[in-house]
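Here are the chains, one letter per residue:
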Amino acid sequence: MLKVPSNRGLYESRREHDGCGIGAVVNISGHREHSIIKYGKQILLNLHHRGATGADETTGDGAGILLQIPHEFFFAESEKLGFSLPMPYQYGVGMVFGSKDAKLRQECDRILEEAIGHYGMEVLGWREVPVLNDCLGKIALVAEPSIRQVFVDGRGLQDEALERCLYLARKRAERIVRENFGDKGEDFYVTSLSCRTICYKGMFMAWQLFAYYPDLADERINSAFAIVHQRYSTNTFPNWRLAQPFRCIAHNGEINTLSGNRNWMWARQTNMASGLFGDNIGDLFPILTPDMSDSACFDSTLELLVRTGRSMPHSIMMMIPEAFGPKYHISTDKRAFYEYHSSVMEPWDGPAAMVFTDGRFIGGILDRNGLRPCRYLVTTEGLAILASEAGVVEFPPEKIRRKGRLRPGHMFLVDTVEGRIITDNEIKSKVARQKPYRRWLEENRIELRGLFDAPKLVKSDLETIAHRMRAFGYTREELKMILTPMAVNGQEPIGSMGNDTPLAVLSDKQKLLFDYFKQLFAQVTNPAIDPLREGLVMSLMAFTGKKRNILDETPRHCRQLKLPHPVLTNEDIERLRTVSRDDFKVTTVSAVFKADSSDPADSLQRGLNSLVNDAENAIRDGASLIIISDRNTSRTMVPIPSLLATAAVHRGLLNRGLRGEVGLIVESGEPREVMHFCLLCGYGANAVNPYLAFEALYLLRQQGDLPERMEPAQIADNYIAAVKKGILKTISKMGISTLRSYTAAQLFEAIGLNRQLVDEYFTGTSSRIGGIGLKEIAFEAIARHKSAFQQRPAGALELDFGGEYHFRHEGERHLWNPTTVSRLQHAVIYDNAEAYADYAGAVNEQSRQLCTLRGLFEFTEGKPVPIDEVEPAGGIVKRFCTGAMSHGSISKEAHECLAIAMNRIGAMSNTGEGGEDPSRYNPETNGNSKNCAIKQVASGRFGVTINYLAHAKELQIKIAQGAKPGEGGQLPGHKVTDEIAKLRYATPGVTLISPPPHHDIYSIEDLAQLIYDLKCSNPGVKVSVKLVAEVGVGTIAAGVAKGNADEVLISGHDGGTGASPLSSIKHTGCPWELGLAETQQVLVMNRLRDRIRVQVDGQLKTGRDVVVAGLLGAEQFGFGTAALVAIGCTLLRKCHEGACPFGIGTQDPELRKRFTGKPEYVQRFMLFVAEEVRQIMAQLGFRKFEELVGRVDRLRTAKAIDHYKAKGLDFSAIFHQPDISDKSKLRLSQTQPNKLDDHLDWQILEKAAAAIEKKKKTVIEMPIRNVNRTVGTILSNSIVSKYGPQGLPDGTLEIVFRGSAGQSFGAFLAPGITLRLIGESNDYLGKGLSGGRIIVQTPDKSPFMAHENIIAGNTLLYGATGGEVFINGMAGERFAVRNSGATAVVEGLGDHGCEYMTGGMVVVLGQTGCNFAAGMSGGIAYVLDEAQLFDTLCNLDMVELQNVWRQEDKDLLYDLIQRHLKWTNSERAQHVLDAWPDMVGKFVKVVPIDYRKALERIRAAEQRDTETTPATEEVFQWAR
Amino acid sequence: MGEVKGFLKYKRQDVGHRPVQERIRDFEELDLPLTADQLHQQAARCMDCGIPFCHGVGCPLKNCIPDFNELVYKNRWQQACQLLHSTNNFPEITARVCPAPCETACTLSVSDEPVLIRHIEFQIVERGFEQGWIKPQPPAGKTGKRVAIIGSGPAGLAAAQQLARAGHETVVFEKDEKIGGLLRYGIPDFKLGKYIIDRRLKQLSAEGVQFQTGVEVGQDISTRYLRKMFDCVCLAMGAGQPRDLNIPGRGYENIVFAMEYLSLQNRLCSGEPVSESRLVTARNKVGIVIGGGDTGSDCVGTVRRQGAKQIYQLEILPKPPETRPPDTPWPTWPRIMRTSSSHEEGCERLWGVMTKKFSGVEVRVSQLECCRVEWIKKNNKWQVKELPGTDFILPADLVILALGFEHVVHDGLIKDLRLKLDDRDNIAVSNYQTSEPWVFAAGDTVRGASLVVHAINSGRGAAVAIDQWLKKGNK
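Chain order of the listed sequences is X and U. Under this note's numbering, the first residue of the first sequence carries the number 1, and numbering increases by one thereafter. Under this note's numbering, the first residue of the second sequence carries the number 10001, and numbering increases by one thereafter.
Simulated from the structure, these hints should not be mistaken for laboratory data. One or more hints might be untrue.
[Said to hold, decoys possible] In silico lysine to aspartate or glutamate, EDC-like type, Cα no more than 20 Å apart, as pairs: (1) U:Lys-10074 x X:Asp-705; (2) U:Lys-10074 x X:Glu-477; (3) U:Lys-10074 x X:Glu-711; (4) U:Lys-10009 x X:Asp-1148; (5) U:Lys-10135 x X:Glu-798; (6) U:Lys-10009 x X:Glu-1137; (7) U:Lys-10074 x X:Glu-708; (8) U:Lys-10062 x X:Glu-798; (9) X:Lys-1153 x U:Asp-10112; (10) U:Lys-10062 x X:Glu-477; (11) U:Lys-10381 x X:Glu-834; (12) U:Lys-10062 x X:Glu-711; (13) U:Lys-10356 x U:Asp-10391.
Only chain X is shown next, with the shape it has when bound in the complex:
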């Protein structure tokens, strides 16, 4: 069998992701029939679009079906084979993949048989599973295993007892095969071995599953349920075993916390014991193996919990707990259950829709955020269907008894034995009360009295503080730019314009070990979370102390210290130390090493060894909590870098099987900024006491650096608050909700650490270019220590400035410095080639002096060609783009200047995330065009209308941005001028928020859907996806290529920004050299490179940069900061203050007057760069640019790097060229397949010709199915192309659909179109609605109450700018998210309704979920609040609730409901209107506070009849 390639170059196989569609069908009564399999097939076929195909377009990523064992069928088959099966549940069936190599297969079979025998069971016989492989794709075919079934006699065992033994036998066989054959044994895979269920799966597209296994068509095969799964993988490598379902589950989503979960599972093995398994438990280990995917790990752990006696629902609740923070109104018993279990196991966190079964129960659950869709329906005939989409199986309306969706954290469960659906409440209350968890907690959990009291700011010995601060590398800049803002504002500090300093490993300065790590973040395969607006799901609470046997539950399990958050003050830690209880002992171990050693590395190593030994001894002495402390730092003792100390103890204890015995608390002078805390927690610390940071704050206060009014307690409080917020933000970037599952999850990438060091202490962390080891770390630590205790030069200040953020002469080097900025400006203003040469020389030279990785590269010589044979500069500049900078982040003048310049030279400018003034679409009389060729679609969807989309050459989906990947943005009210507000469809003076994730991209198949939507919005447009470099970006890029994008943009981590937290600017993502090289390698390996263009950006400055990037695989190049410098920016880094004196990063009219940039400057810059490119091309012997793309063989490491740190770097992984013997191309050479051919809109366009051509009133009727996606969008494009944004007159065209609409129904719908859907719809209805009308109506014959049933999916009206929607039923989560102009009436909705809304109007005639109106800064919502509980569900941070008492409000509301009635015939509407005088009082009006004030001011201004003062100016005054 062919395998997933092992790690090569920058590719790491464990970075693979998958997304999918899942479904389940069950006969609630438990009655088995073959039709269930047919339904399963239907579900799968209708989810086809959620899967993907590989490079050959016929190999699917995987599909499978999990069934009950069809006894009659197997009985008959076994008779044929000459053996006889016992009664059901007394025998097991295994589905076994084996090697094509007969000998190997036989040996594996023998091992399996022995294992079965070992547990007292007996193999009755084997059956070759008939297969028809002529349907398979080429890639699937090469990897095809032999597939056989084994039948096992329980020999008296039955059901659960048999299931347990089969489990043991399977695990034993797997273990022995692994031990005997290693990698070769990978082909041996038991998809299922059970007396209840069996799984058929493989590397299929949906239809192939059924073609391949004729068994499935056999009428004798019957089951009461079927679970199906369709996979979408980010690679095209053959892999049969990763297809799902697994033994217990099918999963759609991603487990973000996998590495932490793995580590903890490993730690738990030590004390794992179960009466059910006794000594045999060793056969189960390791529970998780490294080759398992996240879903497989989840499955294995779940299986363990279930097989050892916990019920299925109980186990699921442990692993995917719902959020139980204080904002949730849940029973105390349930809360206690979750809290108790948080002392037992950390959550498996990440977006997940899971269907699961143990053979009897079958159910589904969603993660706490509800990030994957799951819809269900129950028919009148007792069938329940659960799937990623609605409408996967069609039933006549009258046969549908109930429809619904899974809500965040909620479970749907069918008991096939009792024959009923069990509600979420019933399951959970039963599980939560099966043991007295609440009492156990109350009696055992340790909450130290006085701990976490209001902190006092500890006094500090100011005489010696400077020594200590120097010993831990403090700088003046940190005090000023990091600690002070944290203490004053309780927020992480903000900065702008990106990062241009060297990586730690390239720096001459002594860097802290922290600086060698970069945070990972979620992109595409899982979404980041908004820790502010959706903070209710987040938690920093954790238990720490001794962990006990996970397979058991006792009161002692929660005998641990409860920490509400991980930051301990200096008093807390003293209090902890003095706590002495027999059963809770606290021991301090010292993390220092000797300074006076001839061999620093040896000295450090000794220090580490004794640290870990001390920790072990402490545990042997009964410690429950270990404090790793560097307080013993002195003239002779050097602190071990706290991260190294923590990782060493964590890893050391893990290896010795002791990690579960204690909690680790770090007491160190080193940590001070958010990144430090995250790293310490990420590598194993349970809590941190940053004692020196508190002392430094004391010093700042004494010096008068902090406002006098601030009390010491407040300072400490603010600082802790800032750290807490920062941690939440960091974990949310990775899509993780709880610190419990982040702890030890190692979600970092190391840059510049050598393999040995990483393997020893940071095991499992990626570190791809080698670098320094213990020796250099010891050297840096000692140097720092020495300078700390040395006499300072005369007159020198106690601390150095630093210069990491702002340029200082003695500080860190910056690529942008006085010389480079001024020479570049001189060059472009005076068209001075010499000055450009100076500039480029300075940049390239500095690069060579170790500012960037590329600076350490060299070109290998080639045969030079005469420069006049090289492609002209005019051609090369066409490959250039300007960065995505919104009009909003920069001024109109600057934005237009860039657009004009780029259009003049045939290159592309980018709108950024902020819409564009439609007047720019028309060229000016002087020939200039201000229309940006690239239009960005970002998470805020500001100004993304059908008209905007229709005027693009390229549409760019911004998944992440270099300066702050994984984060949202905020445009403060005072920057939202009249002009900006107009472009963004918002209210002037009201803050605008961009969410961290795209709410329509929670996974890779969602991205494919958005790409499809955008292609519909402008057929023929190129779609580009912007990613940020981090380890694994290559695999994501492959997924993007499979999602049909035309271009992928890899951004470096150092890109500029208008405003971003400093920790993000400095510590997230990696250089583009790594990201680009990885992308190129993975795309080439997957044979996807030739169908997608690759662009790169991130501090590109010179022609040399362009050529290096080209050789690494880029075809297009983006310039952000450099283009701004060309038009006057001097890197004040004050964009976030809006105070740019050059009129660039500001909206202040006074400052904008100062803008002096000219398009010519930008043109000259681009041409200078292109000329430099030509010169290098000539030198290297390339005539055409395309010839050099991907020619990584023309790069090598610069000779003679003698820098003490950089000399350890190894770039061979970057320069790795994947095997291209099979002629896979290295660059774009074909276009993506056109997937719009079968779009429903083409039929509509034919029928609507008269409406479109002659504006004739037309009504069309047609059926619709869930596979018909993005209906109405191509239609809208053709209307807007013809008539402009105003579209057709209202009522011109009405289309009536019957059935279940696919995703993105009516996306970007243009004015004049009415879509009426009789049936139901899936997610993203009315996405970007641009003036059209959508009606969703419950069919007349439906027996259920419309307003209690789900009729539409999640994330409706996302980014809508106009139009109206009437929904005769309930919608799902995130209704009207980021709506900025549409009007909607709906009869109920899920959580997070009206999130980030900035305009428009929403009427809810029924229930809402929690967190309504989070981040809502504009628009109005009316909610019918019959239970008078709405205020408990609404997020009141930004809105206030009012009664509807104004007559105009009442009229408006009445009118809207009346129209709802008219359009949908809603009973609910009728009911409300009938009792209007009674009902109107029950409505609550939700008004954003900002917005209300803005509106009042605008109204007042209108009434004042002033011509001179625009209302907005006043709003600014207030908004400031």
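Put chain U on the given structure of chain X with help from the hints.
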């Protein structure tokens, strides 16, 4: 930083001067410092740039300008004073005489007026003295090494202070009667009162710097003596060789070099004895200053104060433009028209004028024969060309040559030590070390005549180099 958009709210407010009619009657300083509130606003204008060009390219000393601006804005003067002194030994001097290249490099100067950096510096250091924050910082221990500094101008004094603080025994040799070099004798009192120098010297003495005045090394003591008594030497005697104007009539009396002229007046002001025969005064005369630089301007102010009836200042270069020309783009020092306080006091400035001949009555000069010139670029070099028919004559009773300096004086020490010179006839050095390893050099002796701020910077640099050299056990 100061205030967000502070620069929009507050305009630059330059330092005022005493009224002309008042100030020309004495030699007292003429600045009128801003009030505390005014200064606060000026500090508020600083934006704490990500790249502070003031610090990065403007200030040779790399003063941490944004940082002290902020401290002043926050009323934290003592820390500002400490910070200022961490890069600059004598801010009270640079705050008075530096042309402030920091201000022309200020980011605000691109499209607005720069932050009032020099005056902020002035107020910090003056407050420091007033409050007694500027105290001697004697070294914790002595190294036992001895260093001789030759010359007590800004370079020598900066080197001396740094070396003394590092624990070396430091002796400054000065040929004149008082310490200070150019600071004391070359800069008029109305720009730099001499009490300023004395105030600072007290600190140096307390830190252990020893001064030997009236000693000319090479004459009064030999280089052999130096070699014997000291571990190393730092030459900092300036670039004393003035540039002359060798045209017919140069031999007349009343044609003097600027330095002679200015030092004479400075001695008079401080009450030092001046021999009658050397006395030159402009009282009731027509004074002509040849040379349009800063020294020329100082001469103009002095001539005015001496009571001249008419003053001309001649410059051979064309009149510079009012605004920054392309050849000196921001953030470089711009070649623009500058009007000093001395010019305000009354003087006729002539540009593009070449003096061809002095003529006189008996031994005294009485007139200048001049002509207009233009500048032509030839082979990438600017050449001056007379404009025919533009000859004219200026009356003159006193001519002061302020044409700058050529290089260090070669006779004496340099020759005795046989030091190598560079192509501009200054002392050749590598990291402040001359061709004779135990001899270091700093300031104008190395760089040629330049700004005080460069001299201080050079003195500090030399001190570091010497300290490192001595620590290695060299001798």
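Going through the hints against the structure:
1. Our distance criterion of 20 Å between C-alpha atoms is met by U:Lys-10074 and X:Asp-705, whose separation comes to about 8 Å.
2. Only pairs whose Cα atoms come within 20 Å are accepted, and U:Lys-10074 paired with X:Glu-477 is accepted, the gap being roughly 17 Å.
3. As the CA atoms of U:Lys-10074 and X:Glu-711 are separated by approximately 19 Å, the hinted pair is consistent with the 20 Å bound.
4. Note on U:Lys-10009 and X:Asp-1148: the hinted pairing holds, with a Cα-Cα distance of about 13 Å set against a maximum of 20 Å.
5. Distance hint between U:Lys-10135 and X:Glu-798 is fulfilled; the C-alpha atoms sit about 17 Å from each other, no more than 20 Å.
6. At roughly 15 Å between alpha-carbon atoms, U:Lys-10009 and X:Glu-1137 fall within 20 Å of each other, so this suggested pair holds.
7. The suggested pairing of U:Lys-10074 with X:Glu-708 holds, with an alpha-carbon distance near 11 Å, which does not exceed 20 Å.
8. Using a Cα cut-off of 20 Å, the hinted pair U:Lys-10062 and X:Glu-798 holds, with the two alpha carbons roughly 18 Å apart.
9. Annotation: proposed proximity of X:Lys-1153 to U:Asp-10112 holds, straight-line Cα distance about 12 Å (limit 20 Å).
10. Distance check on the hinted pair: U:Lys-10062 and X:Glu-477 sit about 16 Å apart at the alpha-carbon level, within 20 Å; holds.
11. Between U:Lys-10381 and X:Glu-834 the alpha-carbon distance is near 18 Å, which keeps this suggested pair within the 20 Å criterion.
12. Between U:Lys-10062 and X:Glu-711, the direct Cα distance comes to roughly 36 Å. Violation of the 20 Å bound is thereby established for this hinted pair.
13. Among the hinted pairs, U:Lys-10356 with U:Asp-10391 is consistent with the structure: their alpha-carbon atoms are about 9 Å apart, no more than 20 Å.
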